[in-house]
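Just remember that our numbering sits 5 ahead of the position in the sequence shown, which is counted from 1.
Derived by calculation from the structure, the hints in this document are not laboratory data.
The beta-carbon is built from N, C-alpha and C at its ideal position, and this holds for glycine as well.
Careful: at least some of the hints might be erroneous.
[As the list claims (entries may be wrong)] Under the rule of at most 27 Å between Cα atoms (straight-line distance), these lysine-lysine pairs were calculated in the DSSO-like manner:
no., residue 1, residue 2
1, K517, K466
2, K486, K99
3, K269, K517
4, K99, K426
5, K556, K486
6, K332, K320
7, K332, K426
8, K269, K544
[Unchecked claim] Label pairs and their calculated CB-CB ranges:
no., residue 1, residue 2, range
9, E541, S501, 29 to 37 Å
10, G498, V548, 30 to 38 Å
11, T551, E341, 28 to 36 Å
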Amino acid sequence: MHMVRSGSALVVIFLACLFAAGQDSASSPQPSALDNKTTPMPPPSAAPAPTEGMPSAALSLNDVIDRVVQREHYFMAQMRHMHPMVETYLQDLKNDPNGNASPVKDQYFLGRLDMSDGLEDVSFVGQPGFGHRMVSKLTGVYSLHYLPMGFAQMVVLDSDFQKRYYKFNFVRREFLGEVRCLVIDVQPREGEKTARFLGRIWVEDQDYNIVRFNGTYYPAPKINFFFHFESWRLNMRPGTWLPAYVYTEESNLKTGLSKTLHFKAQTRLWGYDLKGLSKNEEFTQILVDAPQSVRDQSDAAADPSPVVAQRMWEKQAEDNAVERLQKIGLLAPPGEVDKILATVVNNLLVTNNIDLQSDYHCRILLTSPLESFTIGHTIVISRGLLDVLPDEASLAMVMAHELSHIVLGHHFDTKLAFNDKLFFPDEESFQRLDFKRTTADEEAADTKALELLKNSPYKDKLGTAGLFLKALEQHAPDLPKLIRPHLGNSLAGGKSMRMSTLLASAPALDEKRLDQIAALPLGGRIKVDPWTDQVELSKSKAVPLTSAREKMEFEITPFFLYLTRVTTGGTEKMALTTTTPAAETTPK
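Go ahead and model the full structure; you've got the sequences and the hints to work with.
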């Protein structure tokens with residue numbers, strides 16, 4: 006983790022106490038059991054062999070490390086041209102008398118990563134500490150602060166990864182999904198004074214890119230320390246592996262002054278190909294017809310009526326706002342999940358005999374905080390909220406509330422119909438764009454939503470929706486950053502709770518009942534393609550719970566990814582392609 010000295014110009018996020026303890030001596034490097042000069046690579050195999058050593062082959066570990074170093078330098082060069090969105094959500098934990106940890110406080114960071122000249126992050130949510138150029142070498146941290154750039158740093162193994170700085174020990178071969186990897190333990194050499202990575206790396210065995218690394222940085226200065234983390238990269242283009250997920254956790258980290266650090270955090274990156282979402286290139290594809298052949302293809306043969314003109318003006322403002330959010334990287338492009346949401350909305354409309362007289366759309370906000378809002382006739386729901394909703398009836402509750410704003414014709418500020426209103430830096434999006442409703446509009450939408458739900462297919466299943474609201478109400482004081490919206494209204498703001506009438510009809514919360522699922526953990530339902538920003542439903546299979554602790558309502562969990570390769574053509578998975586031993590040990 007990249008932390009910065011308190012005396013530097015970087016302003017930290019929040020203050021808890023001063024660090025005074027160094028890292029435990031147990032983290033010091035151990036001698037490698039394998040000399041990296043002559044040990045050969047393992048031969049090809051159709052399955053991982055966890056216990057076998059390094060058999061003889063044409064390619065030695067020394068050769069492999071040379072290629073890994075080369076690919077890591079290429080990775081750093083690639084990242085200097087990338088500017089992905091980076092989001093970190095952190096939960097401080099506290100153990101109950103039974104030793105079970107639960108969140109008691111949270112923090113949220115959102116920005117855009119810039120590695121063109123070292124690490125830099127521009128904040129979208131106004132945290133001090135963003136927007137400052139980071140030093141290229143790892144340092145410690147003198148105060149108990151969570152630095153946004155500290156978590157973003159964990160996408161980099163070592164900004165100057167060189168073989169001479171490390172000892173390498175081959176462990177085994179292992180499949181991560183469909184990608185066969187070489188597992189290698191990495192330790193800084195004795196006497197190394199610069200903080201460097203200490204842990205384990207997974208290297209895919211075709212181009213020798215690092216696809217996963219797990220550990221910390223070492224050595225830490227006497228009064229500072231680094232956090233433990235696990236970083237994952239995805240194959241987003243042929244031969245290109247880029248950071249997508251980082252999980253960080255500390256369970257008993259002594260910070261001095263009788264303080265112990267206990268937290269877990271998820272960092273996500275997306276928006277690598279925002280230029281691909283732009284429509285600028287479409288200009289080159291326009292076919293210019295002869296003037297005499299150009300005709301208006303619209304159904305209207307004359308100017309629209311005043312009512313239609315007003316609708317068109319509102320639609321223009323809506324389209325401008327939606328397009329801007331997508332280009333920034335906050336809104337996912339239209340996709341299959343939108344259609345699932347639209348089906349729920351359609352169920353509500355049909356069973357209530359409502360004709361909106363115009364199209365409606367559903368879109369997904371790519372951030373974790375729980376929020377939903379409308380932009381004209383577009384209903385927006387965040388990825389985080391979709392993750393934690395337990396079932397379709399709970400989703401219908403959220404969609405019914407937003408649909409009610411549309412049905413009731415609540416005011417939509419059309420200032421965004423003027424394009425110059427959208428000429429602002431991306432990092433000012435949350436300050437310039439505001440889709441919050443008045444208290445009166447929110448209350449009216451609640452009343453209308455209840456009416457829609459009572460006539461819908463979900464009328465007999467609203468008990469789980471009420472349970473979700475109860476769980477949200479219970480956890481809201483401890484998770485204010487997760488509950489806080491950035492563009493719309495809060496689900497649970499202060500003493501008010503959206504759709505609070507459903508609370509009365511819901512059964513009592515019983516944390517010990519394994520069959521009562523009031524809310525899900527974060528990250529369990531929606532999967533985001535970090536390159537295209539497209540979203541899809543997770544294919545993870547549900548498993549029966551073995552204890553109440555596994556409910557983990559609204560909680561952060563580790564990442565474990567099923568890796569695949571992107572191919573240049575055909576449907577064949579490169580990771581599953583069988584080759585001869587000679588071909589597999591041939592330098593790439």
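Here is what the structure says about each hint:
About 22 Å separates the Cα atoms of K517 and K466, which keeps this hinted pair within 27 Å; it holds. Note on K486 and K99: the hinted pairing holds, with a Cα-Cα distance of about 17 Å set against a maximum of 27 Å. Only pairs whose Cα atoms come within 27 Å are accepted, and K269 paired with K517 is accepted, the gap being roughly 24 Å. A distance of roughly 45 Å separates the Cα atoms of K99 and K426; the hinted pair therefore is violated under the 27 Å criterion.
A hinted pair counts as satisfied when its Cα atoms are at most 27 Å apart, and K556 with K486 qualifies at roughly 21 Å. Taking the CA atoms of K332 and K320, the gap is about 18 Å. The hint holds against a cut of 27 Å. Restraint check for K332 and K426: satisfied, since their Cα atoms lie roughly 15 Å apart, inside the 27 Å limit. Between K269 and K544 the CA atoms are separated by roughly 24 Å; this keeps the pair inside 27 Å, and the hint holds.
At roughly 34 Å, the beta-carbon separation of E541 and S501 lies within the given 29 to 37 Å, and the hint holds. Checked against the hint of 30 to 38 Å, the pair G498 and V548 passes, with Cβ atoms roughly 34 Å apart. The beta-carbon spacing between T551 and E341, approximately 33 Å, falls within the hinted interval of 28 to 36 Å.
Violated hint for the displayed structure: number 4, the only one.
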